[in-house]
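Undergrad: Single-letter residue listing:
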Amino acid sequence: MQWETVIGLEVHVQLATRSKIFSGASTAFGAEPNTQACAVDLGLPGVLPVLNEAAVAMAVQFGLGIHAEIPEVSVFDRKNYFYPDLPKGYQTSQMYQPIVGPGEVEITLEDGSTKRIRVHHAHLEEDAGKSLHEDFHGMTGIDLNRAGTPLLEIVSEPDMRSAKEAAAYLKAIHSIVTYLGISDGNMAEGSMRCDVNVSVRPAGQEAFGTRAEIKNVNSFRFVERAIAFEVERQIELIEDGGEVVQETRLYDPEADETRSMRTKEEANDYRYFPCPDLLPVVLDQAYVDHLRDNLPELPAEKRARFEGELGLSAYDAGVLSASRAMAEYFEGVKDVCGDAKLAANWVQGELSGALNREGLAIDDSPVSAVQLGELVARVKDETINGKAAKQVFQALWHHEGDSADAIIEAKGLKQVTDTGAIEAMIDQVIADSPAQVAQYRDAEPDKRGKMIGYFVGQVMKASRGTANPQQVNALLKEKLDALC
Amino acid sequence: MHDKTLTELAAGLAAGEYSSRELTQSLLARIERLDGSLNSFITVTGEQALEAADRADAARGKGEAGPLTGLPLALKDIFCTRGVKTSCGSRMLDTFTAPYDASVVEKLAAAGIVSLGKTNMDEFAMGSSNENSFYGPVKNPWDLAAVPGGSSGGSAAAVAAGLVPAAMGTDTGGSIRQPAAFCGITGLKPTYGRVSRYGMIAYASSLDQAGPMARSAADCAQLLGAIAGHDLRDSTSVARGVPDYAADLDAPLSGLKIGLPREYFGDGLSPEVEGAVREAIKVYESLGATVREVSLPHTHYAIPAYYVIAPAEASSNLSRFDGVRFGHRCEAPADLIDLYKRSRAEGFGEEVKRRILIGTHTLSEGFFDAYYKKAQQVRRLIRQDFLDAFEEVDVLMGPASPTPAFDLGANKDPVSMYLQDIYTIAVNLAGIPGISVPAGFAGGRPVGLQILGTHFAEARLLNVAHQFQQATDWHLRRPALAEESA
Amino acid sequence: MALEHADVLRAAHLARLGLDESEAAHYLDDLGRILEMVDQLQGLDTEGVAPLAHPLDATQRLRADEVTETDQRDTFQRCAPAVENGLYLVPRVVE
Numbered sequence: 001m002q003w004e005t006v007i008g009l010e011v012h013v014q015l016a017t018r019s020k021i022f023s024g025a026s027t028a029f030g031a032e033p034n035t036q037a038c039a040v041d042l043g044l045p046g047v048l049p050v051l052n053e054a055a056v057a058m059a060v061q062f063g064l065g066i067h068a069e070i071p072e073v074s075v076f077d078r079k080n081y082f083y084p085d086l087p088k089g090y091q092t093s094q095m096y097q098p099i100v101g102p103g104e105v106e107i108t109l110e111d112g113s114t115k116r117i118r119v120h121h122a123h124l125e126e127d128a129g130k131s132l133h134e135d136f137h138g139m140t141g142i143d144l145n146r147a148g149t150p151l152l153e154i155v156s157e158p159d160m161r162s163a164k165e166a167a168a169y170l171k172a173i174h175s176i177v178t179y180l181g182i183s184d185g186n187m188a189e190g191s192m193r194c195d196v197n198v199s200v201r202p203a204g205q206e207a208f209g210t211r212a213e214i215k216n217v218n219s220f221r222f223v224e225r226a227i228a229f230e231v232e233r234q235i236e237l238i239e240d241g242g243e244v245v246q247e248t249r250l251y252d253p254e255a256d257e258t259r260s261m262r263t264k265e266e267a268n269d270y271r272y273f274p275c276p277d278l279l280p281v282v283l284d285q286a287y288v289d290h291l292r293d294n295l296p297e298l299p300a301e302k303r304a305r306f307e308g309e310l311g312l313s314a315y316d317a318g319v320l321s322a323s324r325a326m327a328e329y330f331e332g333v334k335d336v337c338g339d340a341k342l343a344a345n346w347v348q349g350e351l352s353g354a355l356n357r358e359g360l361a362i363d364d365s366p367v368s369a370v371q372l373g374e375l376v377a378r379v380k381d382e383t384i385n386g387k388a389a390k391q392v393f394q395a396l397w398h399h400e401g402d403s404a405d406a407i408i409e410a411k412g413l414k415q416v417t418d419t420g421a422i423e424a425m426i427d428q429v430i431a432d433s434p435a436q437v438a439q440y441r442d443a444e445p446d447k448r449g450k451m452i453g454y455f456v457g458q459v460m461k462a463s464r465g466t467a468n469p470q471q472v473n474a475l476l477k478e479k480l481d482a483l484c
Numbered sequence: 001m002h003d004k005t006l007t008e009l010a011a012g013l014a015a016g017e018y019s020s021r022e023l024t025q026s027l028l029a030r031i032e033r034l035d036g037s038l039n040s041f042i043t044v045t046g047e048q049a050l051e052a053a054d055r056a057d058a059a060r061g062k063g064e065a066g067p068l069t070g071l072p073l074a075l076k077d078i079f080c081t082r083g084v085k086t087s088c089g090s091r092m093l094d095t096f097t098a099p100y101d102a103s104v105v106e107k108l109a110a111a112g113i114v115s116l117g118k119t120n121m122d123e124f125a126m127g128s129s130n131e132n133s134f135y136g137p138v139k140n141p142w143d144l145a146a147v148p149g150g151s152s153g154g155s156a157a158a159v160a161a162g163l164v165p166a167a168m169g170t171d172t173g174g175s176i177r178q179p180a181a182f183c184g185i186t187g188l189k190p191t192y193g194r195v196s197r198y199g200m201i202a203y204a205s206s207l208d209q210a211g212p213m214a215r216s217a218a219d220c221a222q223l224l225g226a227i228a229g230h231d232l233r234d235s236t237s238v239a240r241g242v243p244d245y246a247a248d249l250d251a252p253l254s255g256l257k258i259g260l261p262r263e264y265f266g267d268g269l270s271p272e273v274e275g276a277v278r279e280a281i282k283v284y285e286s287l288g289a290t291v292r293e294v295s296l297p298h299t300h301y302a303i304p305a306y307y308v309i310a311p312a313e314a315s316s317n318l319s320r321f322d323g324v325r326f327g328h329r330c331e332a333p334a335d336l337i338d339l340y341k342r343s344r345a346e347g348f349g350e351e352v353k354r355r356i357l358i359g360t361h362t363l364s365e366g367f368f369d370a371y372y373k374k375a376q377q378v379r380r381l382i383r384q385d386f387l388d389a390f391e392e393v394d395v396l397m398g399p400a401s402p403t404p405a406f407d408l409g410a411n412k413d414p415v416s417m418y419l420q421d422i423y424t425i426a427v428n429l430a431g432i433p434g435i436s437v438p439a440g441f442a443g444g445r446p447v448g449l450q451i452l453g454t455h456f457a458e459a460r461l462l463n464v465a466h467q468f469q470q471a472t473d474w475h476l477r478r479p480a481l482a483e484e485s486a
Numbered sequence: 001m002a003l004e005h006a007d008v009l010r011a012a013h014l015a016r017l018g019l020d021e022s023e024a025a026h027y028l029d030d031l032g033r034i035l036e037m038v039d040q041l042q043g044l045d046t047e048g049v050a051p052l053a054h055p056l057d058a059t060q061r062l063r064a065d066e067v068t069e070t071d072q073r074d075t076f077q078r079c080a081p082a083v084e085n086g087l088y089l090v091p092r093v094v095e
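Protein chains in written order, with UniProt numbering: chain H, 1 to 484; chain Y, 1 to 486; chain C, 1 to 95.
Hints may be right or wrong, so weigh each one.
[As the list claims (entries may be wrong)] As a list, the in silico EDC-like pairs of lysine to aspartate or glutamate whose alpha-carbon atoms are at most 16 Å apart: (1) H:K130 with C:E84; (2) H:K414 with H:D381; (3) Y:K412 with C:D29; (4) Y:K373 with C:E47.
These are calculated hints, taken from the structure and not from any lab test. Predicted model only: the values in this text are computed from it and were never measured.
This is chain H alone, in the form it adopts within the complex:
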C-alpha cells in the first residue's frame, strides 16, 4: 500500500527580549542557577505579572512577517498543571485569543520548488525552568532561570507531507525569526524547539490517521530523523495489523528512535481560564502599522528581489536569502564589487567552500564582505585573472594582507594584458618546445584544440599566472596555426 505522511509542527521560539515576559529579570543564557529567577519568576506569594512590551512587539512582527491576521484583542490564559519546573502551578499562555491569527510560510524544497504551509496561529507564553537530573542524593535539582523567558509558540496546520518539508518549514521559521531579529534562533541553547505531530494515512484517503506527538526535538537534522523513524514505525505497526495510539513520544538521537513517554501519559486536564492578573491586550491599528512600516525585508521578498532585480538563478537566490547573515554578506560583497552574479559565484563557491572545510559560520568568516567585494571587483575589472584571484582569496583568508589590492601588489599578481609582453612569452615557449610544436602541426585540425592546453600552461607558468588566459589562448592559436 502507498502511505502518505501528514505532519504538523509546534515551534517554540524564545524571543530575544532583555527581560522576561512578565518580570524585570534578565533572560541572559548561562547564568548560575536561580540567580536570574526573581520574586515573580519564582511565583512567591503575592507577586503579579506585568507584560513586556518588547515581547508583544516581537510577536506582532512575526505575525506581520507571515502575513497573518493580527487580532485587535488577545488574552492570556492559565494552563494549570503541577511540575517542579513550573513555579506557579500554571503556565501563563494564550489558549483562546492568541496574539497572532492565521498566516502562512513559504518553504523552498530541494528541487527549488516552493510550497505554502499554513500557520494556524502563534501565541505568547512563558517558558518553564529546567530540571537537572544529576545526582543530588537521588533528588532532582530545579533551576528557574529560564522560567518566564518569553516564548512564541507557532502552530502550523498539518500541511507538511514529508520529513524534508518539515525540516524546510522549520528552516523557514528559523530564517524569519532571525531576519526579524526577534530570536537568536540558537537551537543548541534551546532558543528554538519543536514538537512534531506525525500521522500516516493510505494515499488518497481524506481522513487523518491517529497522530503521535514527538516532544522537544531540537535540531533540523533530528526533526528529519525523528519523523523518518516515526513514519516507518507507524506504517509497520498498521501493516502488522496494529493501531497507532495517540500519545506523546520522545526522540532519542543516540538510539535514533522515538519512545513513548509513558510516565506522562495520564490524562491531563489543563483547566484553561483567563488569567485574572492580566488584562486583555489591545493593539491599536497605529501600533501595528508602525511595526509593519519598520519591518525588515524578509527571506521570501529578498529571494524574489535577488531573482528579479539582481538576475540571480532561482537556486542562487534561494541559497543566498536563506539566512539573514548570508544575505547580508552577499549584499555587502555585491555593493562593493557592483556585480551581483560574480558576487553570488564567489560567496557560494570559494567562500562557502572554505567555510565548510573549516566548519565556520558566515559570521565567523576570516574574510569580510568588504574584503571579498574588493577582490571580486579586481576580477571584474580584469586586474587579476581567476587563478590569481584564488591566490588572493587564500591570502586574505590567512590574514596575509588587509586588502585584495595590497596582496595583488605584494605578490605581483596583476594580470598581464600587454599583447607585446604576452607575444614575447609565447614566442619563447614555442621556441622551447619543438617536439610539441611538431605534434601540433602533424595533428588533425580538430584535435589541435585540446593540444593547445600544453602551450597555455607553459605561458601561464612563465607569467607566474598573471597573463590574461583569454589573450594567451587567442594569440597562441594564431601563432601556432601560422606555423602549420
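With chain H's structure known, arrange chains Y and C on it following the hints.
TA: Structure of chains Y and C alone, referenced to chain H:
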C-alpha cells in the same frame, strides 16, 4: 490613648503630648495584656515597631513629619512584610518569612506609619467568621462567645478592642465590611484596582482588594489616601489620580439621593438589624437626603456566581504552594506526587481544600462553559444592576450582614455560612466601593450600615459616612473588655 | 449536574491534594450541596451576554523591556525547604 481615633492621635503627636515611641509602647503593652483572650494577632512585631516609632519621632524632631507619621496600625497577615512571618492564617506558610514588602506595606512605611504586627484571619482569606485560621479563632471583643466576622476578623477585633487605632484588611466577598460590621468599626473596600494588590497574597485575583479598617470614616479617608494609587507592579491597578479623600468629608448631604435595594431587605434579614438600618436611614433623611427604593434584580445570583469565580481563581492561585520553593513540605516524601499531595493536604485547612476542590472541578473539562463562563456572564448582569441603580441614585444603603455576629461554632454548614455574605458579595463582582459604618446594636452586638457607590466614588462614600458619624455616636461606642474591668 | 465520588477524587488528584476515602466522602457531601447552590445559575438566561473577567473593562498596560531585578537568590532561598548548590531539590523526576 487606646480609644482615640487616628485623627486624635495625630493631633496628640503633633502637639508633643506623647511620642510615637510612647504611643507604640502603650499599645504593645495593651496587646500583651488583652490579646490572649482575643487572639487577634498572629505576630506582634514589637522590636520593629519601636524602631519605626523612633524613626518617626526623629523625623518629627527634624520637622519632617507628615500627617500619618508615627501613627500605629496593624496589618492583616495577608500582606507580605519583609523579614516578618507572613502566614495568611495557614499552616502552609507557618514558617514563611516574606523576602519583600507588599506595595501597601511600602506605602504605609513611606508615610511614616508604625506597624505593630500581623493580624489573624481566615486561612487564605476564605471565610466569614475567622474560624478557619490555623492560629485558632478570633473572639469578638463585644462578646467573646461571638465571632468577629471574617476574613479580616483579627484586624476588626484588634481595632474594636483598642489594641490599634486602625488596621489593614482585604475584601474579596465582604471580608472588610462584614467584620467591621460585626465588631462595630468602620471598614472601607475601595474600587477594584484602586489599591495595588502587589504583595497581597492572592485569594481570588479579580475580586481581591485591600482597604482600611478604623474607628471613623475620617480615619479611613486618611489611610486610603496613603495606600491608593497606581502601581507598575500590578497590571490591574488603575492609573488614575488619587484625590484628597478628606477634602469633602464635611460637604453637606442635602439633596443626596439614597437608594434602598429591595433585595437587601427581604427574607433572612434579622428584624433587629433591619430596625437599626432603617433608623440610620432616618438620620440621613434628617440630614437632607432623599430615599427611594431601587432594585438589583440579579442579587440572588451573586453568591452562586461568586462560588464559581472565586474558587476557580483560588484553585489556580494556590497551586504555587507545592512544597518546593517556600512553605510547608511534608516529611520524607516518597516521590514527587507524594511531595505535592501530602504537603498540600497537611498545609491547607478544610475550607481552603473545599474551595480548591470546587474550583478545580468547575474548571475541568466539560464543565467550564456551564460554570465559569456562565458565572462571568452573570457577573456582567450583576455589575449592570449597580450601574443602572447609580443612574438613579448617588449611593445605595442597606445592612452589611443579615444578622449581627453569630456565636462561635454556630455555623457548621458551609453553604449556610456562604449565604451570610448575601449583601457584600455582589459588590466585589461589580468592583464598586463599599463602606460599613456602625449603626446600632442587635442583642448587644454591633450592626453595620453598608453604603455603596459607583466605581471610584470613595470620596463620596467617605463623606456620606462621615456625616452620619457627625450626627450619631455609634462609632464611638467601645466594648467593655473583661480584663479591663477586672 | 450531580457530583460523584470519582469527581471528587479526580479534582483532588488534579489539585494534588491528598485525600483518603473518608475525607473524599465528606467533601462529596459538601461539594454536592455547594454545586447545587451554584446550579441556580443555570436558571438564568444569559444568551448573548459577554463574560466579564474584570470589573473595570480595562486593558493591559505594557512594561518597558528593561532588566530591573538583581540576583537575590540567597534571600529567596532562605525560605526554601530544600536547596543545594543554588538549586531547589525535589524527589527525583522521571522523564
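Undergrad: Hinted pair, alpha-carbon criterion (16 Å max): H:K130, C:E84. Please report holds or violated.
TA: holds (15 Å)
Undergrad: Is the Cα-Cα distance between Y:K373 and C:E47 16 Å or less?
TA: Distance of about 11 Å is within 16 Å: holds.
Undergrad: Verify the proposed pairing of H:K414 with H:D381, using a straight-line Cα cut of 16 Å.
TA: Holds, at about 11 Å.
Undergrad: Does the structure keep Y:K412 and C:D29 at a Cα separation of 16 Å or less?
TA: At roughly 13 Å apart (the allowed maximum being 16 Å), C:D29 and Y:K412 satisfy the hint.
The structure meets every hint from the earlier list without exception.
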